[in-house]
Structure formats: C-alpha cells, structure tokens
Amino acid sequence: MSPGPALPADSEPDGTTVLGASDVARALTRIAHEIVERARGTDDLVLLGIPTRGVTLARRLAERLAQIDPAFDVDACVGELDVTMYRDDLRRQPTRAVGVTRLPAAGIENKTVVLVDDVLFSGRTIRAALDALGDLGRPRAVRLACLVDRGHREVPIRPDFVGKNLPTAQSERVRVRLAEVDDVADAVVIAGRDDAAGERGAR
Amino acid sequence: MKHLLSTADLSKQEAVGLLDTAAQMAATQSREIKKLPTLRGRTVVNLFFEDSTRTRISFETAAKRLSADVINFSAKGSSVSKGESLKDTALTLHAMGADAVVVRHWASGAPYQLAHAGWLDAAVLNAGDGTHMHPTQALLDAYTIRRHLAVRGSGLPGGAADGVGADLAGLRVAIVGDVLHSRVARANVALLRTLGAEVTLVAPPTLVPVGVETWPCRTSYDLDATLDDWRPDAVMMLRVQRERMSGGAGAFFPSPLEYSRYYGLDARRLARLADHAIVMHPGPMNRGLEISAEAADSDKAVIVEQVANGIAVRMAALYLLMAGDSSAEGNDL
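From first to last, the protein sequence lines stand for chains A and B.
To convert, take the position in the first sequence, counting from 1, and add 4; that gives this note's numbering.
To convert, take the position in the second sequence, counting from 1, and add 830; that gives this note's numbering.
What the hints contain is simulated information worked out from the structure, not anything from laboratory work.
In this text the structure is predicted, and so the values were computed from the model without any measurement.
Just to be clear, a hint being listed does not mean it is correct.
What the hints assert, rightly or not - Derived CB-CB ranges, DEER-like:
hint	chain 1	residue 1	chain 2	residue 2	range
1	A	D187	B	D1054	29 to 37 angstroms
2	A	D164	B	T922	38 to 46 angstroms
3	A	A25	B	A999	38 to 46 angstroms
4	B	G1154	A	R144	58 to 66 angstroms
What the hints assert, rightly or not - Okay, derived cross-link-like pairs now, DMTMM-like style, lysine to aspartate or glutamate, Cα gap no bigger than 25 angstroms in a straight line:
hint	chain 1	residue 1	chain 2	residue 2
5	B	K894	A	D135
6	B	K894	A	D139
7	B	K864	A	E38
Glycine residues also receive a C-beta, built at the ideal position from the N, C-alpha and C atoms.
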C-alpha cells in the first residue's frame, strides 16, 4: 500500500521490470505451499487482502490453496480489509476514499488470519491492519504475506511469507501490476532508479 | 471540500462520494466494536443556537464513533443568552482549538458567515440554518432513498450492496407540506436534483415560498392528484412548523383538520402508493397532522431508519472534512 513517495499516478510509465508474469505466478504458488506448511493444513485459514492489489493477490493465493487442498473453500475463506480509517498518516495527505471491509461469513474469531498485501515497505499499513483486525475480532494467529518486501521498515513488523526480497533505495518506487486490476500482464516494476543512484552519489 | 454549508454547492461526484463513504461507515456500525480511531485527538464543537434533539445527538454520536472529542454548546445557558455575538463566540471556539464546528442557527446564512468571515479556521458543518439549508438531513434522505430504491450498484465488488456508486436518476420524490419554512425541502430539492431525481413539491398555496418557480422542481397544490398521476417512488412528509407560524403573518391554513384532510398522509392515501414506495419524515412528527399513525407505523415508513442512517452520513461528512487536513500541525508520527 505504500509503494514509495507520493507521486501522481503513472507519472513514470517506464521502469525496470524485476518480476514478470511467470515469476509472480511461481512466487504465489510457493507462498501458498508455505502457508499450508506453516498452518499444517488449511483448517481455519482466512485470507484477508488489503485493497487494492492485496485483495486480488489473496484471491489468487486462495485458488492455489484450493488446488493443494480441495477441501479449502475459496469464497468462504477470503475477505478484504480496508485500513484507511486506521492509518496514522491521514492528516498528512489529501482525504482518502474509504474502501470496503468484507469478512468471510464465519468471521475471524479463533482463525488463523493471513494478511495479504502487494508491497511491504514502511510497515505502517500492516500496523493499521492489525489495529483494524483487533476491532473485528480475536484471531488465533495473524500472519503476513506479501509479494514484494522492499525493506525500509519504520515499525517492528516482519513478513511471514515473501514472494521476493527487493533491495531498494528509499526514493525508488515499486509498483505491482496485476492483470485483474491494471489490465496489463502481471509485473513488478521499479521506477526512479536513476534519481536514486544520483542521490546516493551525492551522499 | 472544506465546509459543508449547502447541498447546492455539491457536485454530483462529491454527493455520490459522500453517500458511498456513508455506506462504508454504516458497515462499521453493525460491528461489535463500533468505534474507529480515525479522528482521535480532534475536537468537534456542536454549536446549537436552536433546539434540536436528533441532529445534535446524531452529530455527537457520529463524532464519538470516530473517536473525536465532542463539546456541546447550546445557546441556552451560555454567554449567548447574555448577548454575546456570533463573532465573539466563534473567536472563543477558535481559541479553544476546535477542528470542526457543527452549527445550527435560527438565522439563514449564519454557518456561511462563520465559515467565511475569517474568525475560525475549523471546518464548518451546517446543521440547519433558519429556513435555508440542512445538508446532512438531505444527504441522509438521499442515502435512505438510494438504499431502498436505487438500482443495485455495480461500482464496487460485493461488500455493500446498498446501491454504492449509484445516483438517483429517474426516481420521483414528492415533498409534501410546509415547504415555506422548510430548510429540509430546500436542501433536498438541490441535492436530489444533482443526483438526477425528479422532485414535486406539494403544499397549500400559502406554504409555497415566493420564487419557487426558479427551483429545479415542479409544484402542485393537490396531493391526491400527485399521488395518483405522478406515482412518486418516495413521499417525504414535512413537519408543519407551528413555532415559525406564530409571527405577524398569522395563520397559514384555516384549521389543522382541514390541513390534514388535504395534505396529511393517512391510511387512504398510503394504500394508493406504489408497492415499492417509501414514506419519509425528517422528524419530529406531528402525528395526526401531516402524517397519521397508520402511515408513520406502516411497513413503507423508513422514518426510524432515517435516524440510523443519519449517524453514518454525519460520520462520512466529518471524515471527509476533517481526516485529510494537511494544513494541520502535522508532525504527530
């Protein structure tokens, strides 16, 4: 949710593609297996995506879980968690639209909740998500899955399942493109690399 | 959007956005823990120069559900009764560090003055000024109409199926009763028009304001003909504001009985409404005058739901006006 410094959308259409569609697919398959391994099955698993792309990723992960364990019901175990009203940076930004929070019908009480986000950066989105979860119920455990961990954490939060660790500079901008949301092939793109190199040189 | 003063200032996009935000707020209100931390540490002042029960309580509840601190200030029992001016009251609130001021005033335009005179830098929300505007009431009416009648929204996947993303295009709303004194009617005409609905005002000639022909709506003096020929989807009954009728202008209709015969919503008229039609009233109701007990308690009446929706709409308004304020002191991380 925090891909980098606030820039107008699509101000930098190009950038370096670091993961292609097949890399993203392989990473998600591996994460799905890791989730099953860690939870010793798929009982009481709930996947909650953080809008926008986390929701898509959660659904894709759930489909893979269903392939691994046919007893896993995708629709009954996937939800979305909007964290807008729990953010700590609301007053530093223009007003954000509030998104949808939709939990599985069975709720999250005593479940193992896996939060799913596209890019893990400062960790503040996940902190907000943990606060939001606390108001919704008391899961037995909360885990964190992200497609890309780009570092630069500002709070003590670490992911349990990572698609790809990407060392980045603070000024770089990491974006995840997903077919369902962006109408382009899946990709992870880093933009602003040259600026970052210049900045590093200056230091 | 810095202030919420009049529904005439809202664009269609802003209005739909406000209703969509209200839908998300309403979703949080069915949880066990209804409180959100969103406006923690911010202060909302309820500044009421005129009596109010539901609007003040609704705003207070909305602000508290968003974790804001609420200070209630009513003209009775304050320095206003000693003759303090609106300006001095505003300067006092400024000195106390109010982040938003919810104001109800008997003078039309008082919230505008408060917002634009430079006395305060807080967001100003109009909670009803004289016979001018009552924007949050109109928004909660529109929200209620949309929930019941709008085409199921295609804007968002799943979640809130309460018509999220939809406007009110093609719907017909009859607003019946004391239009002359009603800020609710004025606010609704502007907002419903912006959202694409058609509006007909039904009132005795004495309770239709001068200049109504310039409003974006039809007018009628005949409630029965409007119900039968125009087939409204929603009927909004207005309260007969007898407290505003006692002035030099004298009586506006010969007797309460005659008013209720010609313009009251009774069982007979209720039976003639379309099956899907809803009956609304901004409250407080004069049962037996503009609305009969049968109509007020019928399945078509959504009057109690309007009150519940008011909290969600006011939470949305407070959120949109207060949360994204980057001009505030800022470095609280």
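In ascending order, which of the hints set out earlier in this document are inconsistent with the structure?
1, 2, 4, 7
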